[in-house]
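**Student:** Following the hints, put chain B in place on chain A, whose structure we already have.
There are 2 protein chains.
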Amino acid sequence: MDDTALTKIASRLRYLILKTTHTVGSGHPTTCFSSVELAAMLFFKYLRLDPAHPERLSNDRVIFSKGHASALLYSLYTVAGVLTEKELSGYRTFKSPLEGHPTFRFPLANAATGSLGQGLSIGAGYAWGLRRKFTVHSSQLSDPITHHPSPITNSTYDATLVPFSIPRVFVLMGDGELAEGSNWEAAAWASHQKLSNLIAIVDVNRFGQSEETMEAGNSESFRAKFEAFGWGAIVVDGHDWGQLDAAYEKAVTYHSGPVAIIAKTVKGKGIPVWEDKNGWHNKMLSLEEFEKWLDYFKKESGDVKGVIQKPEMVMSDGLGVMRKNTKINPLPITNYQSPTATKLAFGNALVRLGETIENLLVLDADVSNSVHTDMFAKSYPKRFLPMHIAEQNMTGVALGLSKMGYLPVINTFGAFLTRAHDQLRMMPLSDGTVIVHGSYVGVSLGRDGPSQMGLEDIVLFRSIYGSTVLYPSDPYQTEKLVEEALKLHGVVYVRTTREPTPVIYDEKTKFHIGGSYVFEPRTTNHEPITIIAAGITLHEALKAQQELAKKKISVRVIDCYSIKPIDEKTLQKAANDSKAIIVVEDHYPEGGLGDAVRSVVGKIHHLAVTKLPRSGSAAELLHEQGIDAEGIVRCIMRP
Amino acid sequence: MDDTALTKIASRLRYLILKTTHTVGSGHPTTCFSSVELAAMLFFKYLRLDPAHPERLSNDRVIFSKGHASALLYSLYTVAGVLTEKELSGYRTFKSPLEGHPTFRFPLANAATGSLGQGLSIGAGYAWGLRRKFTVHSSQLSDPITHHPSPITNSTYDATLVPFSIPRVFVLMGDGELAEGSNWEAAAWASHQKLSNLIAIVDVNRFGQSEETMEAGNSESFRAKFEAFGWGAIVVDGHDWGQLDAAYEKAVTYHSGPVAIIAKTVKGKGIPVWEDKNGWHNKMLSLEEFEKWLDYFKKESGDVKGVIQKPEMVMSDGLGVMRKNTKINPLPITNYQSPTATKLAFGNALVRLGETIENLLVLDADVSNSVHTDMFAKSYPKRFLPMHIAEQNMTGVALGLSKMGYLPVINTFGAFLTRAHDQLRMMPLSDGTVIVHGSYVGVSLGRDGPSQMGLEDIVLFRSIYGSTVLYPSDPYQTEKLVEEALKLHGVVYVRTTREPTPVIYDEKTKFHIGGSYVFEPRTTNHEPITIIAAGITLHEALKAQQELAKKKISVRVIDCYSIKPIDEKTLQKAANDSKAIIVVEDHYPEGGLGDAVRSVVGKIHHLAVTKLPRSGSAAELLHEQGIDAEGIVRCIMRP
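Sequence lines, in order, name chains A and B.
Each residue of the first sequence is one higher than the last, beginning at 1 in our numbering.
Each residue of the second sequence is one higher than the last, beginning at 1 in our numbering.
Bear in mind the hints are in silico, worked out from the structure with no lab data behind them.
Quick caveat, the model's predicted, so the values are computed rather than measured.
Hints are supplied without guarantee of correctness; some may be wrong.
One copy or any two copies: either way a pair holds, since identical chains are not told apart in the list.
Stated by the list, open to error - Think about it this way: if two alpha-carbon atoms lie no more than 35 Å apart in a straight line, the pair counts; the simulated DSBU-like pairs of lysine-lysine are:
(1) Lys-569 - Lys-603
(2) Lys-550 - Lys-611
(3) Lys-382 - Lys-277
(4) Lys-487 - Lys-611
(5) Lys-250 - Lys-551
(6) Lys-573 - Lys-487
(7) Lys-382 - Lys-250
(8) Lys-378 - Lys-277
(9) Lys-86 - Lys-45
(10) Lys-543 - Lys-611
(11) Lys-95 - Lys-550
(12) Lys-603 - Lys-551
(13) Lys-194 - Lys-283
(14) Lys-277 - Lys-194
(15) Lys-510 - Lys-579
(16) Lys-611 - Lys-552
(17) Lys-95 - Lys-551
(18) Lys-508 - Lys-543
(19) Lys-292 - Lys-277
(20) Lys-569 - Lys-611
(21) Lys-611 - Lys-573
(22) Lys-551 - Lys-611
Same shape as in the complex, but just chain A:
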């Protein structure tokens, strides 16, 4: 594709972006316009992707970390013939998959973005997964991850030394979002892992939403940062075809690690009233200006089409299939006799299940010797990823790995998972599946003090859309629940304790997601008191039960190990036949086990956001969730 053709494509993209955003009256056209040449050169010269088969291993991946440039993303696929202009015109309207910021509803987005600074970690996860899968699939060929000494400045680098290339992951980023520290977590890890198939494209358009960035458009400042973090860096004029061509060529043939193309651009490039000006971030042109420029870009582009090149070869490993069909045929469970910390049983379970679940990967934020993931590391060193003290990146990488068909288990203290709350809440919007292990929870952590105590982790995970929350109290239960957890979809949280606790179950006891275990009263009484607990407080409840039995007080104890979904039936039954209900938990009172129990035993009707939201008008969305006046009336009028 030559420059003339690309120039036409650029005009066509500007035409489509302008039209779609102006029509719906929102979107971020100026931030799309600055990236037009960067994206056009990528999509129509360097990208190797078969959009009809996005799941194929052989495809490159593109992630728009600057998710507000969604109109550009969808316009690129319109120019490529993947979307029709009619489909594009649904942009940001209710029920269209083309949302204001991309979600899994548009699968070619590869990740939901829009909360800035998340794309690079997810891209690093994809890149790591691609490299690994490609290496496995191509073992008959020579080592594809050989690191050739190829300084980015060396234009004589001989690409033929590498017999084929691992698919690449391109992440488009804004300069404003580089203020998010999560990017530097990703940058450090990607270079540490020498992910030479990861390419960041930084659109340095000088402005955030409301102000100039701290670097004030200084591309060299970003070069210094990326280089300090071990990346190759190429600074270019982001609107110059020749420079862009050379930059991509260098980037895709650079094999010493990840590389960043840092492009100086003009925000709003192409429409003078917008160019390089603050204050136009999500604002529309006047009708007069709009019509003038729409007309102009139409004339310039002549409705040109573009072609995304397919990969040289087709390679598919049935992504995700391995996971769904995995037969969990686990080895025998350890024989637990003396009090055991559930965190240790969790570590044992990973080793045991890792034997047959080959796509199981364990990621650890430098706590492996505390939460016992070091045992997995020893047994399966190639499936253990040290993520260092960077929980946001760990979570983002896990999402990328999940999208590559792996089953990632991330590990740290429950308290420190708050660091990744934004990444976790975004995960359902990417339709990711990640097992999260939060250990060292509650005040029972002890001497290390409150900074280390997870006291808000249950509710953090309860409030993730489509999540599962499990809280075992005994080593056998832990082993069994981990087994169940690995079969689930979405975000699955397993909470474990540091303190050793008594063994109260055995290998034959059955536990299931949404279940509970009832310890019936030791003394008979028609109306017992019911204590509901989980984890460490279950043991306290059982002690209390014993104590109270001596006083002839009848107490039932329910082990509510599945906090979400919760055992509604058992709890309702208990509520009906109990004199009193007591919930006891090692967690702050808000949103934990107590609130979970109340949500099923109370008599309050609760209307809230229960469907995964999407783009649309406020009225449409309130209506969809049943939280508008009509929904309230319906609730009240229900027979």
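**Tutor:** Structure of chain B alone, referenced to chain A:
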């Protein structure tokens, strides 16, 4: 203080650290040992602090971002005579203020740390606050923030050019924690603000808790990173007195911006079995080794004392007093007639109240043109801090400012506050007061899509210890609640909406923290249905009330604008005399308004962590919170 004396002090510190950690059987002696010389040189030669008056403006501040080196922190103050050896021996025991990781219970810690990567932001907040206060107090002197061109390499820099120095903030950091992206948010902002009174001391001891760091102890890698982020950087041998002396001398006289002393150290330095080895992070010596080395360090140190030098001058502005005594004597409220977004009323309130509350600072994460903090920026440019797209740093800086007696209001979308969840949960442990404004919440946000919608923010803030959660529905109510919010202590969350909503109150309507507003039924009925709502759904509830009145269905609507504390009395009364209760909210079902309502109207006893936790044994802590067997028995036996 000469090297011989410092060497004795170093041995004394090692003696105290070894003794306290070994006695309690936990703590992190090896990470203390690597920092001993770094800290000794700082405390006994460069620090200017009167420990008897830690609140004084003229004091330097020290923050141990590597909070697990708490035994070193407390030992330093023991050597300085601030703590007795007996007090030190309480380390990590129940009720001692010397917790496993520092909290506000030991005020000289200046910040609670232990969740890594938070200290630099907090330190930047202190440094900004000190510079500003010092400038205000010293207006009769020449400009103290003049930036002299003094490259760090220029040893001929003439310190006499600066007539006096603004107190400095020293932040001790680990190399492992630099993997946390939050540090780079802080680094970028601190250099952008040219905070030359901020000095980071990086202890490059090569190991995290469980593994080698990504940089593998390479100090030059950190130099490159800090320099790329606009800092001065000095690389030294962290155990060489001469090099350390020169480094501190350069650092405290460097006036071009913040500076990092990057010290290559040996983890466990001083005890051969520990030195430069992985696996000893929180592990104790054998008794034999312990006794041998305790004896050795005792002999070497000869029970030496150290002296922390006092500042050249005493300066105090009664930190915090201004805030407590502030008379809020606000200007008249805007006359609201047509539907108004509560986010706009929030912006108006800040401008109105900023006039008389002089310590009010507004921090904004690049959303000022969305959430209307741009009006405050225009009215009071010197009290508006652009924080760019970096919510973690914004929150940490706000904490530092709060500790300097300012009243910071941080602003972004409710969804993006999840980024700062860890900083927010830690804030009560520092006893900080920060007003948090989360806007653009709920599905009513509309076209921008789910990544931008705050749907878990109510519960995030409900679960912060000691927090207040307010959710206004009308512009007058917003103005009044912001006024109330500014009088509170702790983390105060105000949730506002993007959509304009009708004006339903007037200037005379009274609202208070813990209150609600009841719209009684429009038709009489002895047993009405009660709808509880807040914010945007209140308007839907009122519409439903109108609709149902036509059908002669009696409906009471409660505006539950104070979600925490919640109006227990009114809600209980409503529960008692209502046929049914419906809660409707624009938030995920878990932990939001529904759970808050149920927590006061249900009949379930709930035992959970209701006191701010501390260090101690597991049993002591479960007991303190009343969640052990004894607490359960007590609850059941209660008459």
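**Student:** Please go over all the hints and tell whether each is borne out by the structure.
**Tutor:** Outcome of the hint check:
1. Lys-569 - Lys-603: both (14 Å within a copy, 18 Å between copies)
2. Lys-550 - Lys-611: Classified as between; 30 Å across copies, 48 Å inside a copy.
3. Lys-382 - Lys-277: between (50 Å within a copy, 23 Å between copies)
4. Lys-487 - Lys-611: within (23 Å within a copy, 38 Å between copies)
5. Lys-250 - Lys-551: neither (80 Å within a copy, 72 Å between copies)
6. Lys-573 - Lys-487: within (29 Å within a copy, 46 Å between copies)
7. Lys-382 - Lys-250: Answer is within; shortest intra-copy Cα gap is 30 Å, inter-copy 46 Å.
8. Lys-378 - Lys-277: This pair counts as between: shortest inter-copy Cα distance 18 Å, intra-copy 55 Å.
9. Lys-86 - Lys-45: This pair counts as within: shortest intra-copy Cα distance 26 Å, inter-copy 72 Å.
10. Lys-543 - Lys-611: Close across copies (23 Å), not inside one copy (41 Å); limit 35 Å.
11. Lys-95 - Lys-550: between (62 Å within a copy, 33 Å between copies)
12. Lys-603 - Lys-551: both (33 Å within a copy, 24 Å between copies)
13. Lys-194 - Lys-283: Result: close only across copies, 33 Å inter versus 41 Å intra.
14. Lys-277 - Lys-194: between (38 Å within a copy, 26 Å between copies)
15. Lys-510 - Lys-579: Close inside one copy (28 Å), not across copies (41 Å); limit 35 Å.
16. Lys-611 - Lys-552: Between copies, since 32 Å is at most 35 Å while 47 Å is not.
17. Lys-95 - Lys-551: Between copies only: 33 Å across, 61 Å inside.
18. Lys-508 - Lys-543: The answer is within: 23 Å in one copy meets 35 Å, while 56 Å across copies does not.
19. Lys-292 - Lys-277: within (20 Å within a copy, 69 Å between copies)
20. Lys-569 - Lys-611: both (23 Å within a copy, 32 Å between copies)
21. Lys-611 - Lys-573: both (28 Å within a copy, 32 Å between copies)
22. Lys-551 - Lys-611: between (48 Å within a copy, 30 Å between copies)
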